[in-house]
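Knowing the structure of chain A, use the given hints to seat chain B on it.
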Amino acid sequence: MTSHFWNWPWKFKQNNLIFLSLVIVGFSIEYFSGKAGVKAPAFPLNFYGLVGFTIFSTVLFYLPFSQRYIRWTLSFQFVITAVTWMGLLSVLSGFLPQGQSALPLFFEKIALSSVTSSVPYVILIVLICQSLIFACLKKLSAFSFYQIPFLLNHLGLYIIFTTALLGSGDLIRLKMDLNKGQPEWRGYQHQFGKKVELPFALRLENFEMDVYPPKLLVVNRKNGGILKDFLIFPEGKNDFLKELKLKDWDIRFEQFYSDAFQVDDHFVPVKHVGTAPAMKLEVTDKVHQTKVSGWIGSGSYIFPAKVLNVSDEFAVALANPQPKEYRSRVSFFTPDGRKGEFLLRVNQPYDLDGWKIYQYGYDEQKGQWSNLSRVEVIRDPWLPAVYMGIYMLMAGTLLMLIVKRKND
Amino acid sequence: MIEATLYNFLPWVTVLGLGLSILAFLLKFNKLGLILNIAAIAVLGSCIYFLWKWLGRPPLKTLGETRLWYSFFLPALGLIIYRKIQEKWIVIYSSGMGILFLMLNIFKPDNFDKTLMPALQSIWFVPHVIVYILAYALLGVSSLYAFIALFRFYILKKDTFDTTVKTITSFVHAGISLLTLGLLFGALWAKEAWGHYWTWDPKETWAFITWLSYLNYLHAEAKGEKRAKLAVTFLAFNFVILLVCWFGVNYLPTANDSVHTYGN
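Line by line, the protein sequences are chains A and B. Residue numbers for the first sequence, in the working numbering: 64 to 471. Residue numbers for the second sequence, in the working numbering: 668 to 931.
The following block holds chain A by itself, in its conformation from the complex (with noise of 0.2 Å):
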């Protein structure tokens, strides 16, 4: 018998070339379709098509004219060719920006801005689903304990998968911008795009801030850069340092006002809307031979930043002082008449019907004194199926760690 290039058993040459086809193949769908990328249904079309994808796999499996797809799918040389591709794939969308706009005409045209969601991911996505199903049925025709690691690890990633990619369809994520006092009922997506009304609305009460202490800048009065900034506060002390030793410059601190206003060219200490940090310094420019004194201000969206400036090239500032945490007190209010009230803060956010709502930002300009909160607002019906696949890869992985194998 004659040998032919695609007689079985099929090596990585083989492979490559199917693969290398699927992906041109779907670029060119891309291309001609003219919509970028591939959106999953919403319900109950996404959860049809996970049952009949996973029931059509299981009978296909068993089916005997299909054997010799199984025997593919199934083959040391399929799925490494398979994860490399997708590997490949995964290295263009963490190369090229991806996003709207982010990429020329073209080549948003064909995908590559949104590569994940393209057509060529989930044909890849799709085969590998396959592959994984078909290796937890083979493994489960000869069941043994031994063999649990490998069906949580392969079940939980198609889990994963599936849910992932077609519970998608159901995600909802809006942001919304509460400003203090207002009700806010709608999202949006962009900022200057379509507003979307929500099931609930929200106001802000008020919004706090604490914030550390500010950090000394060096700038450079030519191009405004910051050469190098150093702490003033040292750890554990509520008192600000009384001196810096620098290479050039001795620098010796006599006040610091958290909170002060700036009255002619010294500050006041005032806690109120709008002030900033304010400290009073000299600094003896070794190299010169001259020495300055006065007062810098962080600054807020009320007065300007005051620098104190030590030589015609350097100059010191006051950082902005960086956010230690935030949150927002916030009403909520329901088409039915509920009412209530919650406290948000950044990493604990806050369940509301089935929705879930995050501390996201603030007016950064205002800073502490913001009146604006930033919440994101995220609606996922299918998160507990995409974690059922996270907590049995998890278990599998945890299993693989500290069982040891059939054959060490």
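Treat the hints as calculated values from the structure; they're not laboratory data. A portion of the hints provided could be inaccurate.
[Unchecked claim] Cross-link-like lysine to any residue pairs, in silico, SDA-like; alpha carbons within 20 Å at most:
| # | chain 1 | residue 1 | chain 2 | residue 2 |
| --- | --- | --- | --- | --- |
| 1 | A | Lys-291 | B | Thr-729 |
| 2 | A | Lys-291 | B | Ala-671 |
| 3 | B | Lys-890 | A | Phe-139 |
| 4 | B | Lys-833 | A | Met-463 |
| 5 | B | Lys-893 | A | Trp-71 |
| 6 | A | Lys-202 | B | Leu-673 |
| 7 | A | Lys-308 | B | Leu-673 |
| 8 | B | Lys-751 | A | Leu-464 |
| 9 | A | Lys-305 | B | Ile-669 |
| 10 | B | Lys-720 | A | Lys-202 |
| 11 | A | Lys-310 | B | Ile-669 |
| 12 | B | Lys-751 | A | Ile-465 |
| 13 | A | Lys-238 | B | Leu-722 |
| 14 | A | Lys-74 | B | Thr-900 |
| 15 | B | Lys-890 | A | Ile-133 |
| 16 | B | Lys-720 | A | Asn-301 |
| 17 | A | Lys-419 | B | Glu-859 |
| 18 | A | Lys-387 | B | Lys-695 |
| 19 | B | Lys-890 | A | Ile-235 |
| 20 | B | Lys-896 | A | Thr-147 |
| 21 | A | Lys-74 | B | Phe-768 |
| 22 | A | Lys-419 | B | Trp-856 |
| 23 | B | Lys-775 | A | Phe-293 |
| 24 | A | Lys-308 | B | Tyr-674 |
| 25 | A | Lys-310 | B | Ala-671 |
| 26 | A | Lys-238 | B | Thr-866 |
| 27 | A | Lys-310 | B | Glu-670 |
| 28 | A | Lys-310 | B | Lys-775 |
| 29 | B | Lys-890 | A | Thr-347 |
| 30 | A | Lys-387 | B | Leu-722 |
| 31 | A | Lys-419 | B | Trp-861 |
| 32 | A | Lys-238 | B | Glu-859 |
| 33 | A | Lys-387 | B | Thr-866 |
| 34 | A | Lys-291 | B | Tyr-674 |
| 35 | A | Lys-238 | B | Trp-867 |
| 36 | A | Lys-258 | A | Ile-235 |
| 37 | A | Lys-419 | B | Thr-866 |
| 38 | A | Lys-238 | A | Gln-252 |
| 39 | B | Lys-720 | A | Tyr-275 |
| 40 | A | Lys-334 | A | Gln-428 |
Relative to chain A, chain B alone:
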């Protein structure tokens, strides 16, 4: 003063200890080398402990701080492998790597930044980063073996692929398990902090690519002696991908889009 001790003096003592240890091993004073190595690692361990206390937060935020942990775990792992196989060059190599990362810290220091931004104040912060550092250390040590096996094959014409795989397989498995856990911890943390468990942030994307590359190793290794050369080749190549994920992301065109760049 305390900054100079933590960021200069103690690391230098560690570098000296590791360096003398390497010298002792090369001159065949193995026992002395072992003692010096353990002492150096202990000094670095105490340095990390005092740094943690001084900063008031886990020293895991900046690149320099993660290098410190790498310099700790890598020689420590080298010692564990040495105990198993009694080959001194693994201690020499892992100590050398430890010295390299410590020198990087000494000559290219981070700013002494004590601030921990709100998003990092989470119970997931420490497990996510520690698990990744451990994984990187394990996979780094294993990749050393891989490079040596490839060197032996192509330059010395000796096939040691099967024995290499058998020697380091438990370390690679541990490394890959930790890599998987790190990825999943990151996803669970992302859900709590940023609203979604996966956003294809460049660091996430490269972490995923790194994870995929080690899947290739696992499947090749499962095939035994037949695919030992491929497995070892994957191991060596994957480490490059790992380095891109660890350091390279900050220099790629997509760096600005990442939530992982603020720490550096």
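Lys-890 of chain B and Ile-133 of chain A: Cα distance at most 20 Å?
holds, 19 Å
Is it true that the CA of Lys-890 of chain B sits at most 20 Å from the CA of Phe-139 of chain A?
holds, 8 Å
Just to be careful, I want the Cα atoms of Lys-720 of chain B and Lys-202 of chain A compared with a cutoff of 20 Å; is the pair within it?
Violated. Lys-720 of chain B to Lys-202 of chain A sits at ~50 Å, over the 20 Å cutoff.
Straight-line alpha-carbon gap Lys-833 of chain B to Met-463 of chain A, limit 20 Å
Within the cut-off at roughly 16 Å; holds.
Just to be careful, I want the Cα atoms of Lys-74 of chain A and Thr-900 of chain B compared with a cutoff of 20 Å; is the pair within it?
holds, 18 Å
So if I understand the rule, the pair passes when the alpha-carbon distance is 20 Å or less; does Lys-419 of chain A with Trp-861 of chain B pass?
holds, 11 Å
For the pair supplied as a hint, Lys-74 of chain A and Phe-768 of chain B, is the alpha-carbon distance within the 20 Å limit?
This hinted pair is violated, its Cα atoms lying about 42 Å apart.
Pair hint Lys-258 of chain A and Ile-235 of chain A, alpha-carbon separation not exceeding 20 Å:
Since the Cα atoms of Lys-258 of chain A and Ile-235 of chain A sit roughly 13 Å apart, the hinted pair holds (cutoff 20 Å).
Take the C-alpha atoms of Lys-893 of chain B and Trp-71 of chain A, compute the straight-line distance between them, and say whether it is at most 20 Å.
Given pair Lys-893 of chain B, Trp-71 of chain A holds - Cα atoms ~19 Å apart, limit 20 Å.
Lys-291 of chain A and Ala-671 of chain B were given as a pair; does the straight-line alpha-carbon distance stay at or below 20 Å?
It holds: about 17 Å lies between the C-alpha atoms, which stays within 20 Å.
Check whether the Cα positions of Lys-310 of chain A and Glu-670 of chain B lie no farther apart than 20 Å.
holds, 16 Å
Quick one, are Lys-334 of chain A and Gln-428 of chain A close enough, alpha carbons at most 20 Å?
holds, 18 Å
Checked against the numbered hints given earlier, this structure breaks hints 6, 10, 13, 18, 19, 21, 29, 33; the rest are met.
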